[in-house]
Amino acid sequence: MFALKALLVVSAAAFALPASAEIRIVNPYMIASPVAGGSGAAFFVVENTGPGDDRLADASSTISDMTQLHTHIANAAGMMQMVHVPEGWVIPAGATLALARGSHHVMFMGMKAPLKVGDMVALTLKFETAGDIVVEIPYGVAPAVDAMPMDAMPMGNMTMTPPVKP
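Per our numbering, the very first residue in the sequence shown carries number 1; after that it's consecutive.
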């Protein structure tokens, strides 16, 4: 029985990881403006199961004019704003990096076409050691583990305004 479980674990890992990488992308999903030309964001967890640190250095996709790594920071007035993170993020050996709403994320600017819930989006993540990893990300389908309501997120002094009902 143990041999069967070990075989299943190894088989699952082989499908989840590129052959030479020890990076795994977990629970990917994305949201976006419902119109062409708008913006979107992708969220997921990066697991580094390898013996050494790696860096998520960049991202690219064909669905938008520009794809960048972003995060939220407080400006001098204490207001939260999104900023490009050109240096990316280090994922220490044996650790994880969460890209989540209100925090680190991949930003899509200038969406080329509207997406429908369930559409799959190809995103290439560029790691210093693991190389390029292509992830298929479902649009508009958030995993249950990221079901934090917007008003529960730490946003500094940024206020959330509820949508206006017609």
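Note that these hints are calculated values from the structure, not bench results. Keep in mind that the hints are not guaranteed to be accurate.
Think about it this way: if two alpha-carbon atoms lie no more than 25 Å apart in a straight line, the pair counts; the simulated DMTMM-like pairs of lysine to aspartate or glutamate are [stated by the list, open to error]:
1) Lys-116 to Glu-87
2) Lys-126 to Asp-65
3) Lys-126 to Glu-136
4) Lys-126 to Asp-53
5) Lys-112 to Glu-136
6) Lys-112 to Asp-53
What's the verdict on Lys-126 and Glu-136, does the C-alpha distance respect the 25 Å limit or exceed it? It holds: about 14 Å lies between the C-alpha atoms, which stays within 25 Å.
Hey, Lys-112 versus Asp-53, does the alpha-carbon distance stay inside 25 Å? violated (35 Å)
For the pair supplied as a hint, Lys-126 and Asp-53, confirm whether the alpha-carbon distance does not exceed 25 Å. Satisfied, since the Cα-Cα distance of roughly 14 Å is no more than 25 Å.
Pair hint outcome, Lys-112 versus Glu-136 [Cα-Cα no greater than 25 Å]: holds (17 Å)
Pairwise hint evaluation, Asp-65 against Lys-126, where the allowed Cα distance is 25 Å at most: Judged against 25 Å, a Cα distance of about 18 Å means the pair holds.
Please verify whether Lys-116 and Glu-87 have alpha carbons no more than 25 Å apart. With Cα atoms ~32 Å apart, Lys-116 and Glu-87 exceed 25 Å; violated.
In summary, the numbered hints that this structure violates are 1 and 6.
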